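S.K.: One-letter residues, chain by chain:
Protein chains: 2
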Amino acid sequence: MLKDAVRTKTYQNVIYQNTFLIKNKVVLDVGAGTGILSLFCAKAGAKHVYAVECSQMGDMAKEIVEANKLSHVITVLKGKVEDITLPVTHVDVIISEWMGYFLLFENMLDTVLYARDKWLVESGVVLPDRASLYLTAIEDADYKDDKVEFWKNVYGFDMSCIRKQTMMEPLVDTVDEHQIVTNTQLLKTMDISKMASGDVSFTAPFKLVAERNDYIHALVAYFDVSFTKCHKLMGFSTGPRSRATHWKQTVLYLEDVLTICKGEAIVGSMTVAPNKTNPRDVDIILKYFLNGLHCQVSRTQQYKMR
Amino acid sequence: MLKDAVRTKTYQNVIYQNTFLIKNKVVLDVGAGTGILSLFCAKAGAKHVYAVECSQMGDMAKEIVEANKLSHVITVLKGKVEDITLPVTHVDVIISEWMGYFLLFENMLDTVLYARDKWLVESGVVLPDRASLYLTAIEDADYKDDKVEFWKNVYGFDMSCIRKQTMMEPLVDTVDEHQIVTNTQLLKTMDISKMASGDVSFTAPFKLVAERNDYIHALVAYFDVSFTKCHKLMGFSTGPRSRATHWKQTVLYLEDVLTICKGEAIVGSMTVAPNKTNPRDVDIILKYFLNGLHCQVSRTQQYKMR
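Residue numbers (our numbering), protein chains in the order written: chain A, -14 to 291; chain B, -14 to 291.
Just to be clear, a hint being listed does not mean it is correct.
A pair counts as met if it fits within one copy or between any two copies, since identical chains are not told apart.
Pairs of lysine to aspartate or glutamate residues, derived as EDC-like cross-links and limited to a Cα-Cα distance of at most 20 Å, are as follows [unchecked claim]:
#1 Lys(-12) - Asp158
#2 Lys192 - Glu240
#3 Lys179 - Asp130
#4 Lys272 - Glu154
#5 Lys(-12) - Glu154
#6 Lys149 - Asp266
#7 Lys149 - Glu51
#8 Lys65 - Asp95
#9 Lys(-12) - Asp143
#10 Lys289 - Asp44
#11 Lys132 - Glu240
#12 Lys(-6) - Asp131
#13 Lys(-12) - Asp130
#14 Lys149 - Glu240
Simulated from the structure, these hints should not be mistaken for laboratory data. Just so it is clear, the structure is predicted and the values come from calculations on it, not from any experiment.
Take the sequences, apply the hints, and build the full model.
M.R.: Here it is in structure tokens:
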């Protein structure tokens, strides 16, 4: 993950170029991993950084902090944010790289919001503080054949039941910008400093207008995040027109191949919610409707990220 | 995994081109997955096939067998080979695609041997019945820098403790044949139809002679499997000179960069054993020695596949 330069460099720039946000502040790093964000904050003059990490990586983070002679500034706490006892009652800044595939997969945002409500001072800063989810539509004949239709005839055998399951699993993969057929629709913007925990569940309408005559095999979701409290707005996008990140994009294959003419629109809605049984999974319901010259479709599809 | 054409086509050819091994025989498919090997055997005229699969995929395999109208020939048993009750006391053939990374990772071979000893008739056939592990040495400056040395300076911080851990984890990756600097040494051949369970632990000596002046950054292990009971020998290799498979190769980075001259030899031994705590993991101890014109090294390194 550290090797995702878009991600790590953005955080580094946010911190090093906006030391006014960090200097002499008490910082909480939620899901610290190797502790890289805590190290950045220490270098930027934080009064103290609490780095919370529940995985085995917490032990590594402790070693790394020591190796870099920053134990007097950074305290690594190995455990779940929901379980640990912070040595302070309040923090000035919460920093976290909580974003999962499709923004919400693995649902670490809830943990950030929990930490915010428990420890962040009134005027405190959350880094990043804005995340938006977008939707567009792509032509993807080759890959859909390879990844989905493949199962209809596997070495002469019918494995359609696997095709059915594959269709329900959003695919995390890199989309070429030339595959994009329509405009991009903003689905949802989240203000991490204000939103309620329940706001990770939502239904958003969309209208995707074709910019050329083409086929549409899939809708594609991606997100961007912003640090609005910086001197000037900073952030990054995980969209197909931006430099690739490890988040890639999230491809939702459509049951039907849509034949669309320039100017025609796919309208519909996307409902997103954590799975009730396993809240780290994400349930997605896609309703879409096209009444075009060559293609009339009205359909509901369910997906599950797990 | 079905999309690994080398793998699946080899099994298909073995079965379809050697129906004498399968026709009117009772077959046990160990770790059947989607059931593809069982389907091949059914088509080849097996009397009956028992397909054992312990994961959720077992349910899919049942659906697939029904969809292909082969329920009268194939019985899918969802469960562990060690736990299930077979409706028959003996089988004529055991077929399995049990090979893991580095051949032995995840140790499904033990399950095949268990099934062999419990159910296979005296003159029964195991497919495949031979597996060999090989070792060679490669130049890999770029990747070693990227994957290992990276941790020495991560955005200005010392994360050498992660480098140390990374060094101990064999890397499953594709090696270009032009990176190969030495001959290839056969480490171990296993006869699946005869070997004892304990034979998956072994120490094998090696001698790797440089075929040109170069640097050596890593030793590389790979395996091949053979079906010796076929009309003519069939099988496939996962080596860097063969068509790529999902097994790729297994790269063991060396602590030192070795400077080697044509004709000089790295001699040593490799000890391989299932991890005592978690037998699905593999412990590897590599001892190597080079007394060259430009480089004298004698070292022991430990690795763990997990």
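S.K.: Look at each hint and say if it fits the structure.
M.R.: Each hint tested on the structure:
| no. | hint | in the structure |
| --- | --- | --- |
| 1 | Lys(-12) - Asp158 | both (17 Å within a copy, 17 Å between copies) |
| 2 | Lys192 - Glu240 | within (19 Å within a copy, 56 Å between copies) |
| 3 | Lys179 - Asp130 | neither (43 Å within a copy, 43 Å between copies) |
| 4 | Lys272 - Glu154 | within (16 Å within a copy, 45 Å between copies) |
| 5 | Lys(-12) - Glu154 | between (26 Å within a copy, 18 Å between copies) |
| 6 | Lys149 - Asp266 | within (19 Å within a copy, 33 Å between copies) |
| 7 | Lys149 - Glu51 | between (51 Å within a copy, 16 Å between copies) |
| 8 | Lys65 - Asp95 | within (12 Å within a copy, 37 Å between copies) |
| 9 | Lys(-12) - Asp143 | between (41 Å within a copy, 15 Å between copies) |
| 10 | Lys289 - Asp44 | between (33 Å within a copy, 19 Å between copies) |
| 11 | Lys132 - Glu240 | within (13 Å within a copy, 40 Å between copies) |
| 12 | Lys(-6) - Asp131 | between (35 Å within a copy, 17 Å between copies) |
| 13 | Lys(-12) - Asp130 | between (31 Å within a copy, 13 Å between copies) |
| 14 | Lys149 - Glu240 | within (9 Å within a copy, 48 Å between copies) |
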